[in-house]
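Q: In case you want the letters, here they are:
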Amino acid sequence: KAGVTQTPRYLIKTRGQQVTLSCSPISGHRSVSWYQQTPGQGLQFLFEYFSETQRNKGNFPGRFSGRQFSNSRSEMNVSTLELGDSALYLCASSPQGQGADTQYFGPGTRLTVL
Amino acid sequence: AQSVTQLGSHVSVSEGALVLLRCNYSSSVPPYLFWYVQYPNQGLQLLLKYTSAATLVKGINGFEAEFKKSETSFHLTKPSAHMSDAAEYFCAVSKRGGTSYGKLTFGQGTILTVHP
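Chains as they are written, first to last, in this note's numbering: chain A, 325 to 438; chain B, 350 to 465.
To be clear, the hints were calculated from the coordinates, so they are not data collected in a lab.
Careful: at least some of the hints might be erroneous.
[Claimed, not checked] Capping the alpha-carbon separation at 27 Å, the derived lysine-lysine pairs in BS3-like fashion look like this:
1. B:K407 / A:K381
2. B:K444 / B:K417
3. A:K381 / B:K444
4. A:K325 / B:K407
Given the sequences, and given the hints that come with them, work out the whole structure.
A: Next up, the structure:
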């Protein structure tokens, strides 16, 4: 099976712009989770989608949003970018998003905000 | 709330030496526990996980970890380090039951350096 894919791999934006990142899960996986990774804060959970519904959400401002399509592909959007949004954004897929499920991670999208 | 503490942000060992990376969790109910590895410019790869039953868990690349409830620990070990083990390692937990769908809580990571 193909792994989790994320596009684009690298992005450079300026403050105030918005950005959309895409994630294609492993075939058959219905749960997609998103994480932000920074040197200062480490890996932090953004949100999880299952069957096109957001079931869980981390402590991020409303500028961070996401959605999931019927084929389980997911996108996340960040509006009004700030310098502090520069990070590696990782998505992970799992069969059902249950606690014991293994999450399989994509390579990430490196976002730089100037 | 659950939390994970990895003792030691950097660990350095010689090739062939024992690798020991420490992880302690804080949770009223023992969570599911995971160890992931991250190589530069890559995503995370699962090494092993503890869900129930056997407390000694064997993973890929010769790694293993032992769940100790009394110590709230899940330390990662490998008997003999290889140069290719140099990477950053993350301990993570997820909640049993409840509504914590798709959420892993990660430790701050431990960078492993292997010297020839």
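Q: Could you run down the list of hints and mark each one as holding or not?
A: Each hint tested on the structure:
1. B:K407 / A:K381: Judged against 27 Å, a Cα distance of about 32 Å means the pair is violated.
2. B:K444 / B:K417: Holds - the C-alpha atoms of K417 of chain B and K444 of chain B are around 17 Å apart, at most 27 Å.
3. A:K381 / B:K444: The hint holds at about 14 Å.
4. A:K325 / B:K407: Between K325 of chain A and K407 of chain B the Cα gap is close to 23 Å, so the pair holds against 27 Å.
Against the hints set out earlier in the document, a violation occurs for number 1 only.
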